[in-house]
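J.: One line per chain: the protein sequences are A and B, in this order. For the first sequence, counting from 1, position 91 maps to 91 in my numbering; every step adds exactly one. For the second sequence, counting from 1, position 133 maps to 133 in my numbering; every step adds exactly one.
If you are wondering where the hints come from, they were derived from the structure by calculation, not from laboratory data. These numbers come from a predicted model, not from an experiment. Glycine included, every Cβ here is placed at the ideal spot set by N, Cα and C. Careful: at least some of the hints might be erroneous.
Just the calculated beta-carbon pair ranges, DEER-fashion [claimed, not checked]:
hint: 1; chain 1: B; residue 1: Ala-269; chain 2: A; residue 2: Glu-150; range: 35 to 43 Å
hint: 2; chain 1: A; residue 1: Arg-214; chain 2: B; residue 2: Arg-238; range: 23 to 31 Å
hint: 3; chain 1: A; residue 1: Lys-128; chain 2: B; residue 2: Glu-29; range: 44 to 52 Å
In silico BS3-like links for lysine-lysine, alpha-carbon gap of 30 Å or less [claimed, not checked]:
hint: 4; chain 1: A; residue 1: Lys-217; chain 2: A; residue 2: Lys-158
hint: 5; chain 1: B; residue 1: Lys-217; chain 2: B; residue 2: Lys-158
hint: 6; chain 1: A; residue 1: Lys-217; chain 2: B; residue 2: Lys-128
hint: 7; chain 1: B; residue 1: Lys-217; chain 2: A; residue 2: Lys-128
hint: 8; chain 1: A; residue 1: Lys-217; chain 2: B; residue 2: Lys-217
2 protein chains.
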Amino acid sequence: MIRRLSLVGLGLLGGSVAKAARAEGLADEIVAVGRDRARLEPALRDGVVDRISTHLEEGVAGSDFCLLATPVATLTALLPAVWPALPDDTVLTDVGSTKAAIVSVAEALGRTRPLAFVGSHPMAGSEKSGYGVSRRDLFQRATVIITPTERTDSHAVKRVGAFWEAMGARLVTLDPITHDRATAAISHLPHLVADALVDAVVRMDPRFFEVAGRGFKDTTRIAASDARVWREIFQENRAGLAEALGAFRAALDELERLLAAGDAAAIEAALDRIRRTREGV
Amino acid sequence: MIRRLSLVGLGLLGGSVAKAARAEGLADEIVAVGRDRARLEPALRDGVVDRISTHLEEGVAGSDFCLLATPVATLTALLPAVWPALPDDTVLTDVGSTKAAIVSVAEALGRTRPLAFVGSHPMAGSEKSGYGVSRRDLFQRATVIITPTERTDSHAVKRVGAFWEAMGARLVTLDPITHDRATAAISHLPHLVADALVDAVVRMDPRFFEVAGRGFKDTTRIAASDARVWREIFQENRAGLAEALGAFRAALDELERLLAAGDAAAIEAALDRIRRTREGV
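I would like the entire structure built from these sequences, with the hints used as guidance.
T.: This is how it looks when you write it as structure tokens:
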């Protein structure tokens with residue numbers, strides 16, 4: 001049970017956490033912190049949060065559970081400001097799509113002043129953004145990855161895990177580096193590839209979009225996402241993305257080589273192996 | 001109005017045509033033709049077709065509208081056998097995913113014996129196949145591309161167009177070569193890329209599938225499709241796919257170059273241009 005939950009950032013993810021925490025009665029008091037008062041006011045009017053603040057230190061003061069839900073590039077800059085403003089016994093977590101950078105900043109800060117930080121990454125985005133599209137059931141059956149290290153307080157790991165599970169999420173634990181490699185493979189690479197698929201049509205003939213069916217729309221849906229959010233993710237996870245791009249190019253080259261060789265049985269064997277793998281996901 | 005509709009092949013597409021034609025009352029009599037009697041019997045039991053035949057020439061004989069709905073590689077081989085078995089005034093069409101090859105075979109046959117052939121391609125597949133997954137509403141709001149040439153009988157073009165529209169489809173007309181380039185860009189390339197995305201995860205670490213979210217599942221859904229069907233499509237549309245792969249590699253290289261250069265504004269401008277393009281689809 002949380003006495004005072006503070007949320008920094010009230011977009012799709014922060015807003016959905018506020019709505020789910022309110023609906024499930026996870027916190028006595030919910031405080032939303034953001035730079036723009038007008039963007040926080042709808043949640044106050046909705047009764048989703050009890051208090052709003054545009055002053056970071058004042059907003060998070062006295063909270064025993066603090067969640068950072070700003071865009072990924074802001075998180076590492078925010079951490080040194082939030083850190084000293086929180087009480088000793090606070091549990092701090094975030095929703096960033098990359099984890100190696102923020103965890104290493106948190107561990108550096110922890111060497112000067114111990115504070116329980118656990119990295120979180122709810123795999124529950126949308127191509128849309130903002131409080132207006134947030135929903136209390138966003139985390140139902142969603143996967144949330146938490147990224148404790150050997151230095152992370154085990155009590156805090158339990159509290160953060162229980163927090164996401166109380167909102168309906170399925171928990172997966174990975175170390176920060178493995179997290180960044182895994183999300184590069186199953187999220188950041190597919191995103192970049194979807195962007196390139198859309199751009200390939202533009203390069204061939206934009207009129208071809210006219211005949212796009214459900215397959216194309218599903219495959220490229222994520223290319224309609226916010227440009228700034230994804231520029232930041234691509235840049236933050238440069239290393240993971242480079243490895244995933246290498247694996248993808250090798251896979252595509254191999255398929256192209258099989259097609260060029262024209263061996264029907266070999267092509268079908270490769271496609272069928274991939275089909276079975278995909279069906280197992 | 002069709003007196004006798006013959007369907008060669010009764011899988012997802014042929015079965016859905018039979019169900020939609022029956023539901024909309026488009027034909028007095030529907031005959032299904034296939035190699036395996038056991039696979040045709042469910043449609044006869046369902047009352048979806050009136051007669052079944054495993055003999056190609058006998059099955060299509062006397063039909064005034066004939067639709068070929070076999071896998072794409074079989075179509076060009078089937079055409080010379082069906083051609084002489086059909087009455088002079090029959091309208092013949094197909095559902096093949098590639099069009100240049102079949103249209104050129106049909107035009108070669110037409111030089112020896114005139115017969116009205118119009119290529120069709122309903123953009124309404126599924127990663128599943130077979131009569132069991134066919135549905136009468138498969139073509140509702142689906143795009144069907146028809147590919148007449150300057151040599152195609154205009155009365156037949158109208159009848160084939162009206163046939164698809166009666167089943168709820170939206171009609172697009174393209175010449176066969178443009179069709180193959182367009183479907184390479186918006187269907188065959190995304191399919192091959194989805195295959196490579198799945199294989200990239202296998203190459204990095206198959207355990208990463210554990211954290212796959214909706215984005216990955218949507219992007220790679222088509223990689224769960226039948227291996228033989230897609231091997232045939234990739235091979236039949238070799239030329240279109242090669243052009244689309246070239247455009248895709250150029251687009252991906254450009255995005256990677258922008259990311260490597262690290263110019264945030266330029267990356268966001270590119271991603272935002274793609275986002276707006278995708279939203280317009």
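J.: Confirm or reject each hint.
T.: Going through the hints against the structure:
Roughly 42 Å separates the CB atoms of Ala-269/B and Glu-150/A, a value that falls within the hinted 35 to 43 Å. Under the hint 23 to 31 Å, the C-beta atoms of Arg-214/A and Arg-238/B, about 25 Å apart, fit the expected range. For Lys-128/A paired with Glu-29/B, a C-beta distance near 50 Å keeps the hint of 44 to 52 Å intact. Under the criterion of a C-alpha separation no larger than 30 Å, the hint pairing Lys-217/A with Lys-158/A is inconsistent with the structure, at around 39 Å.
Using a Cα cut-off of 30 Å, the hinted pair Lys-217/B and Lys-158/B is violated, with the two alpha carbons roughly 39 Å apart. Between Lys-217/A and Lys-128/B the CA atoms are separated by roughly 18 Å; this keeps the pair inside 30 Å, and the hint holds. Note on Lys-217/B and Lys-128/A: the hinted pairing holds, with a Cα-Cα distance of about 18 Å set against a maximum of 30 Å. Taking the CA atoms of Lys-217/A and Lys-217/B, the gap is about 13 Å. The hint holds against a cut of 30 Å.
In summary, the structure is inconsistent with hints 4 and 5 from the numbered list given earlier, while agreeing with the others.
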